[in-house]
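A.B. asks: Here is what each chain is made of, one letter per residue.
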Amino acid sequence: MNRIKRNRIIGGALLLMAFVMGSCEVTELEILDDPNAVAPAQSDIDFFLNSIQVNALTMFEGTPLDNNELSEVGMEVTRMGHMFGPTYQAAYTPTNLNGAWRAVYSNALPDIRTMVPLAEEQELYTHVGIAKVLEAYMMITMVDFFGDIPYSEAVKGVEFPNPNVDPGADIYAAMEALLNEAISDFGRNEKSLPKNDLFYSGNKDQWVKLANTLKLKMYIQTRLVDGSVPGKINAIVNSGNYITTAADDFQMRWSTTDTNPDSRHPEFGPNFDNGTNEYMNTSYMYWMIEEKGMEDPRWRYYFYRQVDVNTTDVNEQSCITQFPPAHFTPADQFCNFSNEGFWGRIHGDADGIPPDRGKRTTFGLYPIGGLFDDNSAQTITGRNIGLQGGGISPILLSSFVDFMLAESALTINTTGDARTYLESAIRKSMDKVVNFSPANVDANFAATQTDVDNYVSMVLDLYDNASNDQEKLAVIVKEYFLALWGNGVEAYNTYRRTGLPDLQPTEIAQPGSFIRSFFYPQVFVDSNSQVDQKTDQDVQVFWDNNPAGFID
Amino acid sequence: MKVNNYWQVLLLFLFTTTTALAQNKTINGTVTDSDGLPLPGVNVLVEGTTTGTQTDFDGLYQIQADVGQTLVFSYLGQKTETRLVGEEDIINVQMEEDAQALEEVVVTAQGIKREQRSLGYAVSKIDNEAIEDRPEGDLGRVLRGKAAGINITATNGVSGSGTNIIIRGFTSITGSNQPLFVVNGVPFDGGANEQNQFFDNVTESSRFLDIDPNTIESVNVLKGLSASVLYGERGRNGVILITTKNASTQGVRTKNEINISQSVFFNDPVLPKYQNDFGGGFHQNFGFFFSNWGAAFEAGVLSNQRLEQNSLFIRREGGIALLRNPLSQLADPTLAAGFEDIAASEYPYIPYNSVDQFFRVGLVTSTSVGLRGGNENISYTANYGYLEDQGFTPGNGLRRNTFGVGGNARLSNKISINAALNFSRTDYKTPPIAASLGSGTISSGGSVFGDVLYTPRSVDLFGLPFQALDGRSVYYRSGNDIQNPRWTVANAKVTQNTDRVFGNFNLSYGLTDWLNATYRLGIDTYTEFNSYGQNRGGVDGDVTGIFRTITARNTIWDHSLIFNADKDLSENLNLKFILGGTARRDLYQQDGVESTQQLVFGILEHFNFVNSATAGSFFSGTNLAQKSEINTLGVYADATFGYKNFLYLNGAVRSDWTSTLERDNQNIIYPGVSASFIPTAAIEGLTSDKGLNYLKLRLGYGTSAGFPNPYGTRNTLALNSRLLVDPGGNVLSGNAVSNRLGNPNLKPETVTEIEAGLDSKFFNNRLGLNVSVFKRESNDLITDQNLDPSTGFTVTRINAGKLETKGIEVDFDITPFRNDNFNWNISGNYYADESTILELPEGTEQIALTGTIAGVPANYAVVDQPFGVILGSTVVRTNGELTVNSNGDYVTGQSTTDVIGDPNPDWTGTLNNLISYKGLSFNMSWQYRHGGDIYSQTAATLVGRGVVDADGKLNSEKTFILPGVKQSDGSPNDIQLTTTRIYFNNLLFGANELQIFDGTTLRLAEVSLGYNLPEKFLEKTPFGSLSFTLSGSNLWYKAFNFPDDVRFDTNSISTGVGNGQGIDFITGPSSRRYGLTVKASF
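One line per chain: the protein sequences are X and A, in this order. So the number in my numbering is just where the residue sits in the first sequence, counting from 1, plus 215. So the number in my numbering is just where the residue sits in the second sequence, counting from 1, plus 76.
Bear in mind the hints are in silico, worked out from the structure with no lab data behind them. Treat the hints loosely; a few may be bogus.
[Said to hold, decoys possible] Below, computed lysine to aspartate or glutamate pairings styled on EDC-like, alpha-carbon distance capped at 16 Å:
id: 1; chain 1: A; residue 1: K703; chain 2: X; residue 2: D248
id: 2; chain 1: A; residue 1: K823; chain 2: X; residue 2: D528
id: 3; chain 1: A; residue 1: K851; chain 2: A; residue 2: E910
id: 4; chain 1: X; residue 1: K410; chain 2: A; residue 2: E910
[As the list claims (entries may be wrong)] Derived, one-sided and incomplete: chain A residues facing chain X with beta-carbon distance under 10 Å:
id: 5; residue: F366
id: 6; residue: P409
id: 7; residue: E452
id: 8; residue: R553
From the three backbone atoms N, C-alpha and C, an ideal C-beta is built for every residue, glycine too.
Whole structure, please, built from the sequences with the hints as guidance.
C.D. replies: Printed below as a string of structure tokens:
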């Protein structure tokens, strides 16, 4: 072979390589932007606000895939819902509240931090105000559940890879200031209102009312440790600029869309898509149905019975042949209190699950959007029932505000009459529940105005007959609990603040001390080298100066 | 790059080279071996020139040379011969075996053939005889036990399910530890594109399933880093080099030959052995429960008599209690509509063989046809394979068609081309297999096994309807809360249909007689069509019906240019040199739709569903559409100096650039060196026929790198187009700062390995022993570190952590007896390794290696613990004793991250026995695994629910005491428990450590009996050869420390293909396969 030919071949090979290596995408080494996401510069302020609102709800209510967040656990430990137990230690794993922690810290707050400067630049002050109010609600609630938590070092990425905690009181103070900032943001002229607002449709006045009500709530919450709160409460009450009517209720109304994404009440799917799931708490049902000798007009809206007679099969409900534990008093409910199918469980009942899914009592129409109990006593077999999950999350209702004001009027003499607040609170709650979805209520079983009036006057008699303020407070708080169905956050706070109502014992005699604040979530302590897990769950939050062992 | 461009260039290239220069004289001849048989493929070279040729199939050659020149005849394993060209025109040469003729030629990195003796590292070669005509069509599973150091685990027993392959232990914590597949010199994707977390459903195939093992010529496994350094970072987990028959350049044929083989196998499940004494219920009370702790079947027994007080009892007939039919007890009576006669019928309380009836014996047929032929310059091959593998699970089956063509051409003395192209179509379907904890499924998917294996003995699965008139699943429990497994088979399925094309094109040019250049193009592309569907009316997962389709396309383009030199620098010193460059491009793209709310029952098509989404509703909830793009560039050099024939030194270096890292960190250079010394060649008199025949000592040091998955260096903004639908029906979109904190400083992880070993032959080559020891260390491990969410992020990717693996591999080969007719060969291997985590990122106590489920054990990386240690909850100890509470049950501790087991086997071994007598051959292969803990929900559930007896049957009518001490005062436990409590409350639902079993297993992995018809029988037939083989795989096994009757197969892994091991969530039994193969050639 001659040299020329050989050179041509080598040339051909090099040409070929040049083709491959040079002109081709195969050599590109700058493929670093993820094609499956957008770049931070492409953000949209309205979209941020949507995400922030949804994450605030996730903290409160969880998601259909993980519905065991703050409101749910709050209901469980206060015997509104059923806690499996058997001890307070065993009731919740450290991973239990990871979802709430993530919703606040790694989801909502980074979005708020990123959005606020961009929104201010674009003069979208209402967006900013809403973000601040929601941040305040989230941080207050997280302090209420966990005590000291990160704030000043939080959400700073590589700057503080292990954020340390701030005292709960400092965070409360910062949130008060943040709410004031928000109120002034609402006072500014914005370029445009948010495209979507799940709570108040962009109504700035209502957001201001909420901001004031949150301050009111903080003051009442800290009444045990802060002597200055009565004046602050009075100032807000006197301004009248807080949530006083159902129209201003801070609530989320869910839709009936069950997929892509599931936008129903987060409790609805887990309880009705594949058969019922959670147990109702026997003692809470007992309060509503039997205890007063008069049925609470709301019970048919709260619960649905799948059977109307109790089982006699021990395999289905093992407690029917058992005696109450020795530490139960005759007043404490064990197993069934009637023979009408109110099939629930008592606090800390950790038995295995018998084949009772088609029979146990389940959530009703209010607030998660299930069925009204019209004595039909049918096994629920599908999701197309009642409001189909188009319920509400009652986060801060006008009735709740009146209950709180009744408490503060009674205990720290703030303005107004406790008895008047109590009556108005109960009536607001009844109105809300009874008129929640009349279309889904069988008129034959609906609560009438007479039922409500009778109930109210009976409660007021109880109040009037109470021999001292503590007993009067017990009446107020018990009614507050009955109105709080669907909101475990305020139930949990109220129980620790007032030690009321008197709740029934746990099934086992020594369940360990009551959860005065929850263990830090596993995602926090496992990945943060600065912070250690609490040694026990009886660590009290800063506004709880009640003695140890005060509640169980 | 368009394919067209290549062909234009290549054509240009081809036409530039045609003629060879004329020489004075033409010489012909035949080259034979020492037995006088023709030797094809011998290199014939005119010394000092670039003129050369090879002998053809009949050993013939023709070459032109001048008188006075010298012809050099060389062939690996034979002594090189030289002949001076004189007057004669014919030069016949009989070659002689090299005295050190134990030279095997092996394929090493980049397809380069090397004499085994020159290698400073271990390469395992597996011949086609060990791969062909096996009852398994999955190459991964066929390779199991074939060489030391390769750990192969099936994800479950379903035909077509994925296979996990780990070579020499683990090197990465969160990265892939799966080996690189190289087919005919070019990369081949062997991944399993798992579309879910394993607990939702894991059924995806490993894509090496697309290769028909019958088309494979040979498999070489490069285990160590000094062997795989030329493959770059992707070779760090070992390389499986596959040469298919259509790409093989060995044995060029001049005659046309057709090979046909046909196999039929039975696929027979190994099911638990169920007990027949007790039926469903609890504490000896009968009930239609999940558990089988109910009344005895035998009429005389007390618990059976108590049945008469049960509200379901009707009467007795012949001692057998007749009960009300469970169908009549459903809380939702509409389910039984149309089955009133069954609901009204009396239900005998007897044991039913529901599970055995549910499964079947599958039939596996495999056909392969091969054709090859050609002449000395051009040869071709073509093959076709067909596999129909019917699973033992109803609804499961695999069908694979493979076509391949290949050709070789020597266009002139200097240019040769070979190319192979393969097409495969693999269709696979199975019912869904989600993880189960012994009480229905865990998560969003359905599971055919999780609902059937612990069926109570008194449940008549085949006597009850499984589907209501409106399509809903119906079963025996009043709440109807178990999906009937027959309904699952009829109404739920996962499919995966794959079309794949892969091939390679090689162009070689001899620049000089010692230097040639090769350009190689590899393409591997497949499209995988996945579907997951379940009709409405189920119990597991979305009851409105779900149908999800995902189409994925994966493409690998690979270009290489390699210069390969082989030159004698002096009489004693030889240099082999390789210089290469490679560019690889990986593209992956998938698109998908998920629909829910089925309209017409039974039709799984998107048009029949109300809702469609582009995000999955299963746990991950991720977008179904995804893509990624990775480019890797590499250049490498490799030099081997050979001194005489006893000392070889090799040095290699490779430099890689990746597109997955920022510019400052995208390049890494890593070297490797190795040496091989053959004392038996260096030192005269060291060898003797009856003693040592051959000894090689080798030492290697290799390094490699690992690049991260793409897109981990920059922050992104997650966009969710459908965040929420408000009550007005408006769709709200959201954007949010992504939870992943980008790490721009991320750099490659590095791995280094030292390997030493010896290869030896003794006693007239009757004993062969190869030993390797290695120590591997991974540094700067690329690890996803969980962040405290209060930083604003939940995860970032960092370089931290250190992992060390030490191991030993032994292969041996003994021939106790051999003569012309009878041969007995024993061979086997032994392997032990230990992977230990030395460091983790600061502040990190453990890293989960797989998806985790709250409260359920999983594999973790923990400092100073073996890789993958299983963490879970333990029983509280009091003074070292197990502690019971006031009920007499074990007390479970608070922590869910105590070490409860080490899933790594202590060692594994294989022992093969091959006996042949004339045309008969008998082969038996045993495999043994020593140790390695398994968290087994199958065993815990079957025993804990009372359907299978634990070892040593407990009398359920009596009470027992758990060994341990009381929590109250530390005194020995004396609290009596029923067997129900012992097994149900403690074994099944007690602390996780109670569900850990030791995985020691002995297995009869393969047996075959073959007969080759003698040639004289075939003389008057068209057959060139004809053989019959009876063979079986996995015929018997015993896991010694599992409850016997569970018959648990330790060769399974519920966490899918990945870094999990020793975790079982009831993902199904395995099977034994046996059948007949007939092979013929024409």
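A.B. asks: Now tell me, hint by hint, if it's right for this structure.
C.D. replies: Outcome of the hint check:
no., hint, verdict
1, K703/A <-> D248/X, "holds, 12 Å"
2, K823/A <-> D528/X, "violated, 65 Å"
3, K851/A <-> E910/A, "holds, 10 Å"
4, K410/X <-> E910/A, "violated, 59 Å"
5, F366, "holds, 8 Å"
6, P409, "holds, 9 Å"
7, E452, "violated, 20 Å"
8, R553, "holds, 5 Å"
Hint compliance for this structure: hints 2, 4, 7 are not met, and every other hint is.
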